[in-house]
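Number of protein chains: 2
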Amino acid sequence: MTDPRLTPLAASLPASLPATVPFTGPETLERRSGVPFRARLGANESGFGPSPRAVEAMERAARDAWMYGDPEVHELREAIAAHHGVEPEHVVVGEGIDGLLGLLVRLTVGAGTPVVTSLGGYPTFNFHVTGFGGRLLTAPYRGDASDPEALIGLAREGGARLIYLSNPDNPMGSMHGPEAIRRMIEGVPEGALLVLDEAYGELAPPGSLPEIDPADPRVIRMRTFSKAYGLAGLRVGYAIGLKALVAGFDRVRNHFGLGRVAQSGALAAVRDRDWPGEVARRVVAAREEVGRIARAAGLIPLPSATNFVTIDCGRDGAFARVVLEGLGRRGVFVRMPGVAPLDRCIRVTVGPAEALAAFAEALPGALEEARSLADGGTAAR
Amino acid sequence: MTDPRLTPLAASLPASLPATVPFTGPETLERRSGVPFRARLGANESGFGPSPRAVEAMERAARDAWMYGDPEVHELREAIAAHHGVEPEHVVVGEGIDGLLGLLVRLTVGAGTPVVTSLGGYPTFNFHVTGFGGRLLTAPYRGDASDPEALIGLAREGGARLIYLSNPDNPMGSMHGPEAIRRMIEGVPEGALLVLDEAYGELAPPGSLPEIDPADPRVIRMRTFSKAYGLAGLRVGYAIGLKALVAGFDRVRNHFGLGRVAQSGALAAVRDRDWPGEVARRVVAAREEVGRIARAAGLIPLPSATNFVTIDCGRDGAFARVVLEGLGRRGVFVRMPGVAPLDRCIRVTVGPAEALAAFAEALPGALEEARSLADGGTAAR
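Protein chains in written order, with numbering that gives the first Met the number 0: chain A, 0 to 380; chain B, 0 to 380.
Calculated from the structure, these hints are not laboratory results. Accuracy of the hints is not assured; some may be wrong.
Dumping the calculated SDA-like pairs for lysine to any residue here, alpha-carbon to alpha-carbon at most 20 Å [what the hints assert, rightly or not]: (1) K242(A) to I211(A); (2) K242(A) to G190(B); (3) K242(A) to V20(B); (4) K242(B) to E189(B); (5) K242(A) to T19(B); (6) K242(B) to P87(B); (7) K242(A) to P35(A); (8) K242(B) to H83(A); (9) K242(A) to E189(B); (10) K242(B) to L16(A); (11) K242(A) to H83(B); (12) K242(B) to P17(B); (13) K242(B) to A18(A); (14) K242(A) to G84(A); (15) K242(B) to V20(A); (16) K242(A) to H82(A); (17) K242(A) to T19(A); (18) K242(B) to P17(A); (19) K242(A) to A18(A); (20) K242(B) to L16(B); (21) K242(B) to G190(B); (22) K242(B) to E74(B).
Since this is a predicted model, take the numbers as computed values, not measurements.
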């Protein structure tokens, strides 16, 4: 019998709230297997680490951790605004892009509100949309890239309030150039907002992102310190958009949610102009190395504008999952896309040489195991 | 003209979302005045700092900040559960009590849902209730303490879904003993949940908190690392409640919201069993000192079970505000309750000797200024 005090809560859960969490953490997998990973290449974290200046700033801030962070995030917001050449009123800083997506969805999506995204796109966005009762409309990928025209078409037909696009794309690593994105923005129907998730933006080839026009009411751009800046463990992201939209976040955000240590680390990170570029150079080299490893094993690495390489395992999703699990048993944590046909791939975050060496060592065995299992399965039928 | 794309958002703001932020940060006041505070005694932070072990843990974690925190917060959750002698499934860890209050309100409050709290109680809770469209019903304080009987009575009459009580109380510092709280829990009407905010719990006199019964569906208990643990700048809090209720948080929380640095610091803090007790001893001594300073200035310090002393300035809210502003101009940041008659007081966080010395130095001048202004005002009428 359900306790009557929980009835409204329990009754509302199946209808409106997500039943599953967006991602299983590597720590959970380690606890299940009892064996720690040798190489953490699944969460698109930056194994090249944060700027040494950010590390110093966090160490200093540790002693000041008894003080709340500035609820207006003033210094960091100003520094981000200066970095992008926009006014601070166009910038909202939050608890990662995940947190900002949640707030944006809360501000714009209610029961039944149509929202457009790619089929197989970022699960955490979907988690928020479902959690606020929105209705997801999905356009399939096209040639391993999101399909801007299909997304816009769907938004027009369905009267969508939000259109989500991750560019560069997660989980496929593909990217649309500035012209394609500008065309997409031109196509945003009245009453809709394009959520341009540029978490991997600093890792894209120079000049490949469209310029930021903060006064454009049709788009909100999102960036993070979790990828190129190497600060996933701080959880700081930001969005750039219309002042009125940015002001809306103040009405719903957790004002003291960004702690002093997080603000200090991110501030030092954004002030160190060289680090993201340095990381980007290492990422390019590491992507090539992951590509070589994949090809040496007879697999096809897809082109990537991010800090991961999505690798086509050449068969179906069940096969790729066996490869992924085999890598896991060999101490290498990777992830894979969630829906067909993208799920024929595994997604391998790039990292320092030792981590890639562990991947190179583990891949052939994991593949052999998967092939023998798949062929054995066929023979037994 | 409002941009059509913002119309639904802009139109919904006045009706359902809070127009003001719950608190102005000391950093904002410093920016306005151009002068930094000498003593930060307004936010009930712990000037005695975090455990040195927590500082070490954060420093170590700074170098690992490229990794996301465990989305299940496994180790910290287990450590908290062990500390309280409950199963981990009764514990949810989140981004401060503020964050957990927001999630709880989201899970339980919709448009028009009645919610009970004290008139002049914690503004951030009200911010969340208003933000999700709930309807606040308030019971006045009684003798500078919250009024459990009135709150329960109001909940019965109004069919409230949540009843909020901060115990020990913020902003008054008063406290109800375990018997009174047990009676209150017995009185919680069917369909309602008592939100027992025990942010200052570790600072209350030993034995003054009711035992935790995690299987009681009528109450959820909230604790934080921001007060006795001295980690306000990390933003980590937790709640203990029925397993089914705790499981509900997993459907709405920002799964990667608790970063690696925050988890590491809080874990070291909860494992250092001695620190909160050590802080509590220093707080008792510092409370006595603040009391002496207040009495020496002719004011009445109220009894406190927290790390702050609420001081009756002896006149009305306008007078207390002038005292507060005078302290601010003298470099001492304090806060005050928001509604009459509580607002005849200022609220002074305790802290190390230097900070209290700054308060002792500033108070007489601020008071004299306020008295002369008030008397001059009267004479001019």
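Verification of the supplied hints:
1. Between the alpha carbons of K242(A) and I211(A) the distance comes to roughly 14 Å, so the proposed pair stays at or under 20 Å and holds.
2. Of the pairs offered as hints, the one joining K242(A) and G190(B) is violated, with about 41 Å between alpha carbons and a cut-off of 20 Å exceeded.
3. Between K242(A) and V20(B) the CA atoms are separated by roughly 17 Å; this keeps the pair inside 20 Å, and the hint holds.
4. Between K242(B) and E189(B) the alpha-carbon distance is near 18 Å, which keeps this suggested pair within the 20 Å criterion.
5. Among the hinted pairs, K242(A) with T19(B) is consistent with the structure: their alpha-carbon atoms are about 17 Å apart, no more than 20 Å.
6. Proposed proximity of K242(B) and P87(B) is supported: the alpha carbons are some 9 Å apart, at most 20 Å.
7. Our distance criterion of 20 Å between C-alpha atoms is broken by K242(A) and P35(A), whose separation comes to about 46 Å.
8. A C-alpha spacing of about 46 Å is found between K242(B) and H83(A), which places the hinted pair above 20 Å, so the restraint is violated.
9. At most 20 Å may separate the alpha-carbon atoms for a hinted pair to count; K242(A) and E189(B) exceed this at roughly 45 Å.
10. Of the supplied pair hints, the one linking K242(B) and L16(A) holds, its CA atoms being roughly 17 Å apart against a limit of 20 Å.
11. Between K242(A) and H83(B), the direct Cα distance comes to roughly 46 Å. Violation of the 20 Å bound is thereby established for this hinted pair.
12. Between K242(B) and P17(B) the CA atoms are separated by roughly 31 Å; this puts the pair beyond 20 Å, and the hint is violated.
13. For the hint pairing K242(B) with A18(A), the CA-to-CA distance comes to about 16 Å; that is within 20 Å, so the pair holds.
14. At roughly 15 Å between alpha-carbon atoms, K242(A) and G84(A) fall within 20 Å of each other, so this suggested pair holds.
15. Between the alpha carbons of K242(B) and V20(A) the distance comes to roughly 17 Å, so the proposed pair stays at or under 20 Å and holds.
16. The hinted pair formed by K242(A) and H82(A) meets the criterion: a straight-line CA distance of about 17 Å does not exceed 20 Å.
17. Taken as a hint, the K242(A) and T19(A) pair is broken in the structure, with Cα atoms around 34 Å apart against an allowance of 20 Å.
18. For the suggested pair K242(B) and P17(A), the alpha carbons sit about 18 Å apart, so the restraint of at most 20 Å is met.
19. Restraint check for K242(A) and A18(A): the C-alpha separation of about 35 Å exceeds 20 Å, so the hint is violated.
20. The straight-line distance between the Cα atoms of K242(B) and L16(B) is roughly 31 Å, outside the 20 Å bound, and the hint therefore fails.
21. About 17 Å separates the Cα atoms of K242(B) and G190(B), which keeps this hinted pair within 20 Å; it holds.
22. Proposed proximity of K242(B) and E74(B) is supported: the alpha carbons are some 18 Å apart, at most 20 Å.
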